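Protein chains in written order, with my numbering: chain A, 3 to 242; chain B, 3 to 242.
In case anyone wonders, no lab produced these hints; they're calculated from the structure. Quantities reported herein were computed from a predicted structural model and do not represent experimental measurements. Hints should not be assumed to be uniformly reliable.
Pairs involving identical chains hold if they fit within one copy or between any two copies, as the list cannot separate such chains.
What the hints assert, rightly or not - Taking lysine-lysine pairs in the BS3-like style, the calculated list, with each CA pair at most 27 Å apart, reads: (1) K87 / K209; (2) K156 / K72; (3) K77 / K190; (4) K24 / K181; (5) K77 / K119; (6) K167 / K24; (7) K217 / K107; (8) K87 / K235; (9) K119 / K156; (10) K214 / K156; (11) K87 / K221; (12) K87 / K181; (13) K190 / K72; (14) K209 / K21; (15) K87 / K156; (16) K72 / K221.
2 protein chains.
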Amino acid sequence: MEEKEAAILLVDDEERIRKLLKMYLERENYVIDEAGDGETALQKALDKDYDLILLDLMLPGMDGEEVCEKLREYKATPVIMLTAKGEEANRVQGFEVGTDDYIVKPFSPREVVLRVKALLRRSSKTKFLETETTATNVIVFPHLMIDHDAHRVKVDQHEVNLTPKEYELLYYLAQNPDKVFSREQLLKDVWNYEFFGDLRTVDTHVKRLREKLNKVSEKAAEMIITVWGVGYKIEVDSAT
Amino acid sequence: MEEKEAAILLVDDEERIRKLLKMYLERENYVIDEAGDGETALQKALDKDYDLILLDLMLPGMDGEEVCEKLREYKATPVIMLTAKGEEANRVQGFEVGTDDYIVKPFSPREVVLRVKALLRRSSKTKFLETETTATNVIVFPHLMIDHDAHRVKVDQHEVNLTPKEYELLYYLAQNPDKVFSREQLLKDVWNYEFFGDLRTVDTHVKRLREKLNKVSEKAAEMIITVWGVGYKIEVDSAT
DNA sequence: GTATTTTTTAAAGAAATTGTTTAAAATAAG
DNA sequence: CTTATTTTAAACAATTTCTTTAAAAAATAC
């Protein structure tokens, strides 16, 4: 159904991070190449036309910034920079070095996938006048609307203020309606990759989320279903 | 139909668990090697290219975590970690040490088989660009539909609420229609390996399952057949 | 038809899971 | 630095599910 198969170059010196991202990106049908240092990365990036490069800023030898600058002498391959928290993320972005986007570590795998998709969508639009079908950033259910661009949730026209985790949880569930996720899976996908906390943390967030939705509409709150012994899901009640 | 024959290394210090899992995995046509301690496991894993390693966390000498870390210096063999309930399963997962998945003990053999299949499917996707999405998790019979993703059972369009065991029992039987299972076998496969309870327990669950199905459709309930002196099966009544 | 074996049914106590509350820890904002 | 918000964790309550038991019903064998 999708015409993905975009080729992505993944550059990070930590193998565990490469493996993590590779897994999540391959799940989306992207083809992944890897590099563990700047020199290799640059060489590969020049050698092959990737659709996108995920580039860690901090690298042994030539750092990400330098890789990007040198690459830019020859190619305009879209680049997303991965930066650790302190690493003056802002300077890295934009035209200083030619980065298209950046993500601060530690990230949640889900976030990376979304940003990759978004950037690929943007850059492919230039080449092909495609129908932008999959590109909708608004999820609409009965009683519930999530506008991801605006990071806004509306229940029956009333805006609901959610905390970041509440929002991400809702958004994640809403992206796969009717699919049950275990607490483990939710922690893995929605939380960042460094979090190994209590499973019941998910319950607490679900509780608050339901509470906030319920203030506006009972029906909206009831969309978040507990599947006993398994986990949670969002269910679109066809009869409403 | 399948091109299995994947090679799996099974690491656990308890022989009964190795034997149990070996039996179930060989039934799926996998080729199984075994190891009872960390040193042997690491040696074998480095010596041969396994398609997957099932690795107990708690091992005499070098524990599973260490085995995985050392292995990762050389290979990216997919690893599923087996952890006892208290053994901070979360930390072990993911990329702290490079585990691909984990299963909490005590598990049901069926669960292990499913997770092994899933991981092998994922990792083989790298080689062959198949479209994961085609794998529909819905079982459809006359009067009965099981959507495994949504963990939902419908009888004649009406949703039926099942408890976890009821659901698992039905799902298990439905995966092998027309095949009779003894109570012993059902307890072994659907329940976890530590459960040595009364055979009548199965009867009780069957009873309640039939009851719930019957509330919607007599015909659906009658699909669950008692084979006198042997056990139970699901039968797809061709005439309906 | 009666005896024997097996299955079904029903009910109650035990076990497990989830919901809720509260407080401490972490993070962001002023 | 202080304050406010958000996140996490722990404890307890409420709920749901599981298992066992025993009697009733059904199927089979003689």
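A quick look at each hint next to the structure:
no. : hint        : result
1   : K87 / K209  : between (30 Å within a copy, 25 Å between copies)
2   : K156 / K72  : neither (45 Å within a copy, 49 Å between copies)
3   : K77 / K190  : between (34 Å within a copy, 23 Å between copies)
4   : K24 / K181  : within (22 Å within a copy, 31 Å between copies)
5   : K77 / K119  : within (20 Å within a copy, 29 Å between copies)
6   : K167 / K24  : within (24 Å within a copy, 35 Å between copies)
7   : K217 / K107 : neither (35 Å within a copy, 40 Å between copies)
8   : K87 / K235  : between (32 Å within a copy, 24 Å between copies)
9   : K119 / K156 : within (24 Å within a copy, 35 Å between copies)
10  : K214 / K156 : within (11 Å within a copy, 31 Å between copies)
11  : K87 / K221  : neither (40 Å within a copy, 36 Å between copies)
12  : K87 / K181  : between (33 Å within a copy, 26 Å between copies)
13  : K190 / K72  : between (35 Å within a copy, 24 Å between copies)
14  : K209 / K21  : neither (32 Å within a copy, 43 Å between copies)
15  : K87 / K156  : neither (31 Å within a copy, 40 Å between copies)
16  : K72 / K221  : neither (55 Å within a copy, 52 Å between copies)
Figure legend: structure checked against the earlier numbered hints; hints not met, in rising order: 2, 7, 11, 14, 15 and 16.
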